[in-house]
Amino acid sequence: MANPYHLDESSESAFKNEYPPKIEKVNNETVKIYVWELPVRIFHWVNAAAIFALMITGIYIGNPFFDSMIQGEASGFIMGWVRYIHFFSAFIFTANLLVRLYWTFAGNKYASSNLFRKIFWKDTWESVKFYLFLKNKKPHFVGHNPLAQLSYWVVIGVGSIIMILTGYYLYTEPQPESFLGKLFQWVPVIFGDSFDIRSWHHLVAWAFMAFVVAHIYLSIREDYLSKNGTMSSIFTGYKTESKDSIEDIKDESMPGEKNDKYYM
Amino acid sequence: MKKQKTIYESALDQGISRRDFLKMCTALAATMGLDFSQTDNVVEAMETKKRVPVLWLQLQDCTGCSESFIRSTHPKIESVIFDMISLEYTEVLSAASGVQVESNLETVIKKYKGEYILAVEGSVPDNAGYLMVGGKSAKDTFIRAAENAKAVISYGSCASWGGIPAAYPNPTKAKPITKLVKNTPVILVPGCPPIAEVMTGVIAHIITFGEIPELDVAGRPKAFYRHRIHDKCNRRAYFDAGLFVESFDDEGAKQGYCLYKVGCKGPTTYNSCAEMRWNGGTSYPIQSGNPCIGCSESNFWDNGPFFTRRAKVPGTQITINPDKVGVAVLGATAAGVAIHGAATVAKKKHDEKIRGEE
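Protein chains in written order, with the numbering used here: chain D, 1 to 264; chain B, 1 to 358.
Note that these hints are calculated values from the structure, not bench results.
Treat the hints with caution; some may be incorrect.
Calculated pairs, DSS-like style, for lysine-lysine (alpha carbon to alpha carbon, straight line, at most 25 Å) [to be verified]: (1) D:K182 <-> B:K222; (2) D:K129 <-> B:K348; (3) D:K137 <-> B:K353.
Hey, can you work out the whole structure from these sequences and the hints?
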């Protein structure tokens, strides 16, 4: 039998050791696919909440838009608390991201992505054309299309790394001798002095906001065009797809058929 | 050759009592950021060490560093110049001039090879023609003096980072001196100017311990540049409380609130202004109601207006209000989404209609 999920033919598959998703038959034309496993969904919402908290508090730290109610003496702790929430959220953001990194290797085929293949970039180009309303040969993707995958690599991947490096450096500035301080001591070598690091942190934060708008819009759009339950899939994990759309996995992983080994 | 006197001996010669000498050493130890118990080391060093020859070169500078230097109070500048060091070449303070001093410079480089300290203020122009001293390229003089020095002390932001001569558009292609020093240790003492006691404290450290002080990643002595001004600021309580000066004539300014919103660069500036203060510990800009302008940081002149909070676009000299630009980007994204969304709906309806007709 051929490779059940045609590694070389789909830009959704990334690595050899991933397993295909659970599939439930709805009727003869339709199947339910368990696309986003629980860790992915938890990551998504924790990440969203952390980014939201970080952005609100971050804007306040950059430009304190309201003052303490108590005037005259420094008895309040507004900035103190806002910074505390910012740092607390930052630790959650980081830990959450590390879990997601682990799940890239442990999860199903939709949890990972591999940029180092020709098909990935070919399909990215087709996706670009798709979003520009041009004629395209973009296949239907049950998970993320490669352009979406790329946006996660750039923003949630590289963007988060920039935020973490610059953020933790700023966080440890008062204690350069501490463990964390020593861990991030080299950050100025890449990002410049304290002012530059602050600038990076502030500007990339806004890039995240632009990403959030585009991400939400394109998810709703996908739901509207494909009618496959994209929006509810991030709550339930399931997408409803036609049998044809899972051509590459259905033969050998449909329940009750000849091969059960991929979802034990 | 005449036997050189130790620092202690030359102090006694000037009528300084033993008691005053010990006081001086104690103050010096405190200035260097040493523990009280290490005062003995300082005393011993001053009793046994000879005065260290120092060459002071001025490159593309404003003499501000020299001006600051001569205002040192702990140790007093007289005791530094006359007891601790032997200032062999300096444009500002030397009584002699012309051939006399220029030849002395050469003499010291040869005679005290590997022993003298080279103090430098000002940046180096790429084209030697921009800076000739005594008819010679100051760049060449500097390179030669640095090669043969025991250590180079880079006084001020110009020598350390390029400073104002290197500010955009940098007409002379000014460089920090670190770019031209290869095998000699360099101690960066940035600031525009640096604090006088920091300037003398670094020299005192080299004399006392015979080695350069512990440096941070950027090459600055940790004793003086370990902390941000923000972390030692006397107005920090108002920052944490959320009480800010909005403009220089408001009630908050009178109350002494935090200057963060009027552009204070304290959170991004490493210096000991908040601890050592200026003019013998009298005050420092933030204490006097002026936001820190971050003068000891690299590119401080190009880091946007002094009295506004900005962010710099990486890799450029452009500073922007990040939140305004961020909201604008967000608005543009939202507008793009609206247009794209409308087009998506229109296309879908159109496609369905065509399919319906078929």
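Here is what the structure says about each hint:
1. D:K182 <-> B:K222: 14 Å, holds
2. D:K129 <-> B:K348: Status holds; Cα separation ~16 Å.
3. D:K137 <-> B:K353: It holds: about 22 Å lies between the C-alpha atoms, which stays within 25 Å.
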